[in-house]
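**Student:** Chains A and B, in that order, give the protein sequences. Numbering-wise (the working numbering), the first sequence opens with residue 721 and increments by one. Numbering-wise (the working numbering), the second sequence opens with residue -12 and increments by one.
FYI, nobody ran anything at the bench for these hints, they're computed from the structure.
Sample of chain B residues lacking proximity to chain A, with all beta carbon distances greater than 12 Å (derived):
no. : residue
1   : Gly(-3)
2   : Val69
3   : Pro70
4   : Ala114
Only some residues are given here: those of chain A computed to face chain B with a beta carbon under 8 Å:
no. : residue
5   : Ser722
6   : Ile729
7   : Glu782
8   : Ser783
9   : Asn839
10  : Val842
11  : Thr853
12  : Gly857
This structure is a prediction, so every number in the text was calculated from the model and none was measured. Every residue, glycine too, gets a C-beta built ideally from N, C-alpha and C.
Here are the chains, one letter per residue:
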Amino acid sequence: MSLFKVFDISGSAMSAQSVRLNTTASNLANADSVSSSVGETYRARKPVFAADLNQALSDRQESVGVKVMGIVETDKPLLKEFHPDHPMADAEGFIYKPNVNVVEEMTDMLSASRNYQTNVQVADAAKQMLQQTLRLGKG
Amino acid sequence: MAISFDKAFGIHQHALTARSSRAEVLASNLANADTPGYKAKDMDFQAALNQAQNNQGFSLSRTNQQHFAVEIAPPGMVQFRVPNQPDTGDGNTVDVQTERNNYMENALQYQASLEFLNGKISGLLKAIKGESM
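Make a model of the complete structure from these sequences and hints.
**Tutor:** Next comes the structure, spelled out in structure tokens:
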């Protein structure tokens, strides 16, 4: 019954989108974390989505779920600011701020939550279809 | 005179099978709306219905656990959708609005087939019980 597979597929998308929401939350939370060296500074994290290859290689090829391949840190340059009075300033008077783009993170957040909602609705519609099938012939 | 369930239920039982596999394909499109490089797919409903009716397509039997599960669908079943937008930048061709509409439409058509089946079953029950229509 392929309707049961809909739950697996939308479920995988929901978990992938919630990983995306988690990384977005982490990025936004750390948007203002200041540090005194390049190595210690927080960098924006992004999940990498891929169609689930295992599922694609197994019995059916038509439908695949989503897999989070990993979470990567972006390579955008950090913000280096001259702030000699800052308590975290290094010997030369610089502080380092994360490369988090708040606007980008907000749009990512909206996109993730919309996609999550869509997948919930897909699973809900499949649930209704199955329930009606179970009631078949009961009048 | 025997009651033939195959004749009584007609095409609707096969339509349900085809509709539920289409739901799976469309759900996969919606799930992969943010996956780079994913290409949206859909099925040729006529071909899917024919397959459901005749059980075309074949799978190889597996005599060992390590064998690949090979299932060969009849040609022309699942095809890639022609995208509305030429390029979205990441190679993904899923248009969420289109897919959602198709998914809901497919679900309603599934329910319509269920209604038809329910009607047939209640008709058969009436015939069995000897009630008047």
